[in-house]
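Residue numbers (my numbering), protein chains in the order written: chain A, 5 to 340; chain B, 574 to 953; chain C, 281 to 645.
Honestly, the hints are just simulated from the structure, not real lab data.
As the structure is a computational prediction, the values presented were derived from the model and not from experiment.
Any given hint might turn out to be false.
Said to hold, decoys possible - Okay, the calculated beta carbon distance ranges per label pair: (1) P178/A to E678/B: 18 to 24 Å; (2) T690/B to P196/A: 24 to 30 Å; (3) R673/B to P196/A: 26 to 32 Å.
Even for Gly, the Cβ is constructed at its ideal location relative to N, Cα and C.
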Amino acid sequence: MGQLASALVIVIVGVLGCACYFYGSNFLLDKLLPSKNKPYDVVARNLRIAGYIRPWLFLGPAFLALGFYLVYPVVESFRLSFFGRSGEVFVGLSNYAWLFNSDEFYQAFKNNMLWLIVVPTAATFFGLIIAVMTDRIWWGNIAKSLIFMPMAISFIGASVIWKFIYDFRSGDDPQIGLLNAVVVFFGGDPQPWITLPFWNNFFLMVILVWIQTGFAMVILSAALRGIPDETVEAAVLDGANGFQIFYKIMVPQIWGTIAVVWTTITILVLKVFDIVLAMTNGQWGTQVLANEMFDWMFRGGGDFGRGAVVAIVIMVLVVPIMVWNIRRANAEMEGR
Amino acid sequence: MVQSSKRSPLTWLVHATVLFLVVIWTIPTAGLFISSIRDKDQLSVSGWWTALSTSEQRMVTRVTVPKKPLQEDGLYVLTGNVFEDNKQGIVTRFGDSSLRPSEFESGKVAELKRELTLTVLANGDYKMTSPKAFSSRGKRIFYTAEIPPRFTLDNYREVLGSEGLGKSFLNSLTVTIPATIIPILVAAFAAYALAWMQFPGKALFIAAVVGLLVVPLQMSLIPLLRSYNFIGDIFGVGSKGYLGVWLAHMGFGLPLAIYLLRNYIAGLPREIIESARVDGATDFDIFRKIVLPLSFPALASFAIFQFLWVWNDLLIAMVFLGNNPDELVLTGRLRELLGSRGGNWEILTASAFITIIVPLCVFFGLQRFLVRGLLTGSVK
Amino acid sequence: MADVKLTNVKKVYNNQVEVMRDINLDIKQGEFIVFVGPSGCGKSTLLRMISGLESITDGTLEIDGQLVNDIPPAMRGIAMVFQSYALYPHMSVYDNMAFSLQIAKLSKEDIDTQVRKAADMLQLTEYLDRLPKALSGGQRQRVAIGRAIVRKPKVFLFDEPLSNLDAALRVATRMEIANLKESMPESTMIYVTHDQVEAMTLADRIVLLSAGNIEQVGAPLELYENPRNVFVAKFIGAPAMNILPATLMQAGEGTNIQIHSQQAVWVPVATPKNDEQAAVSFGVRPEDLFVVTEGEYLVEGEVAFIEALGEATLLYIKAFGCEDMVICKLSGTPQYKRGASIKLMTKPEKMHLFNTIGLTYRNRV
């Protein structure tokens, strides 16, 4: 409890500290560059200078935090990828050489590609289908809320949930994992799903699809509602059936949103490691890049060089989406 | 919508499909919850979907042999109840060997080898007789019993106490509260500057924020770990601690915070800001008295995002907070339990439910803001 | 006291787009000035430059004899009423009006007196505790005005304050603004609108702008009667003045022109000899035309459309040789048929003549 109290104190101190910084720096700026009861020239000059400085007072803390926590690490990771395990000995390209000769890396890379194809596609697809269907039934909002719910569950929590579903009992013991129980019910043989080579990857992906479908659904549902009713009504008058309306009228109009959803989930897939860590820790051929990287950070005391090299690979995969995002944001701002 | 007026078969198909999907999506969580409040013996032998039905279980117990055995009519007698504690059930069959665990009907007297007899009544009382003294190691009794459903909070009691989840819960709160609130203020100021102030490099800064939105967290771990060690050495303090975690969460949460809030704040009516400026308000006044109150929905959205994200985070806590049992947050503890108590589903399900209950409450309570935040962030 | 003086004021966006060029304007204390012009003419930009919300690229702006180019809005002694009212949605009416005074750190009592005085004047007293969203459009507009009044500014700036109101309310609020001006004769008011009726009814002087230039400055009736050029002539007055292409036949004290495919007309304005044979424009307002059946006439044509408005009737006449329809506004409801042939005439003093580049020949005979 004392710990929680100190957390609350920290909140108050932190908020007050921030407030004091912003208030104090503004106050100081106004004191240093006064604009009242001075000759016109002085006032004009002071205001101009203050106008240059003030935005940076507002941006300062964010600027520093972003620099230290995101920009500097990207640069530093790049540098470390040329250094040895403790980050002190320059080793040239040998980390990269190791990377491209490592079966482990290929396995992780291959799996990651599989994740990148399956998860965003499946989540977007289900999200779209559910969004379309829930929009036409009276209890749609309840349905959406329930399908959206896994969003709030941590990856590790979701892993436990699904590990329970995939639970496997050998022999004739009753299966307490739902999946095997269903399989047995229909007369099949129970399987240790998590260790089934290759297919186990898909069983892990299901977890992320389960989590992300709600996200896709919420956004696509809003986009669908943004479609002018007139276009749908016109299509009905033109004699289009339900599926034609969906594929030829609705989907093309929300194409941009679908792309946004798809890329957002793609980014998430690249970062996700909790699920693999919790379910298999990369065993049985389920390794992915993010977990591989985490592994190298601590394996045998940690190899920063190799870890950094894997991080660079993840970063390279993200860059195209990053560029696309920036372009989109710029276009949007110019539109304003 | 166009279709809804027609009660066509298609409409029913839609209802059925959505219902099916909703069931698929909720069943995993429901299963977890139900399992977490089941008796641990039942949990390990039957699926949670049978929780409400009387389950037929095959069980085994070992008779206890007292120091001074009872003697009756020249025979040694052992009595007891197969349901060791106060649990309830109806024994249907019993046996004495693992090969034939349900050889006899309950109530019958079973003639066993070496002139032993065994009777197990439906209520679980057993009686074993033998002409010779019993060996100190009791015989096993196999029995099949119908056990009524049993629900209990014991699992929760256990994980919160001896498994240390209570402490982890506090740790999670300690990490989450400051890491949620502090970035909001920092981000709001930056967002205001990016939305309503003019300065060179503004467009570049916004582009950078959008770019940083997608930088994988993994990139930062190694350099930050090194920096933290370095800074820790300088000040002679450990590199792991709450301060580092709070700041890290702030740093990683800022791009989204700035992006969300800037979009919202830039969308406030220009004339209101200008009116305040004509009224003599400085940028600081405008921010505090106009922008902050009007941005409440966006602030709430981000707060929810950040809360969920920090609460559910495993990576940052693992790297920057350390792995001592006392320092583990809920996600870290759950992961550890998954390793050490992998088969104990009563522990895992209860622990998992404790870790997800707070986010779920936040989610259902404040879903409106969450959706709004998602939409400002992604749909344009 | 609070004169506003603009000297060679320019506004250039992004170093290339020139939106205001060389504006010179002298506004005297106590004047009600209306900036009017078509959308995109720069009237709002000019107002915002005076307010300080837009920077001035070049030239000088003086308020009350004081150079204010680089002075922020709040220190210019101005108050502004915005088109969307720009009320602070999270504050009560009282707080909205008190905001600027609180910023200026006035004492609670002073704030209270001033807010109540303004509220009283605008009949807002009973709404002081409400939030803006609980008010009607007209009430919101009054709050916006009240917010300007409490600051006791030297110069009031209005940026299209009536354009969000419906037609009936617009007329009522227009009168209120006129009354406001009456009650504060010493304050200068600058008012932007695209609606010429507002301009004509409210203004002491109208500043008519087009494409970043001042076309004409003057009292409303002066602009109506003596437009400086074709643009002003067409902008002021509804329906717009008929402009007919013509050739200047004989210059001098009094001018003979030939309206294309129509009559030769004598116009009582002086023109220079040089302009003989030049292509000029002849202008006449629809309300100055009348129908003649015999004798001299100006134009002859067929009635193409008839719009009976009740108090007046508009005839759209396809005049021979003219591309645009000639509009004729007759009072009452005279009966004409579509396709009927008709001849129109006007009085000599109602004739306008513009030279090749559209400037009025000003010297009347």
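Here is how each hint holds up against the structure:
1. Take P178/A and E678/B: their Cβ atoms lie about 23 Å apart, and the range 18 to 24 Å holds.
2. Between T690/B and P196/A the CB atoms are about 44 Å apart, so this pair departs from the stated range of 24 to 30 Å.
3. Look at R673/B against P196/A: about 30 Å separates their beta carbons, and that is inside 26 to 32 Å.
Hint compliance for this structure: hint 2 alone is broken.
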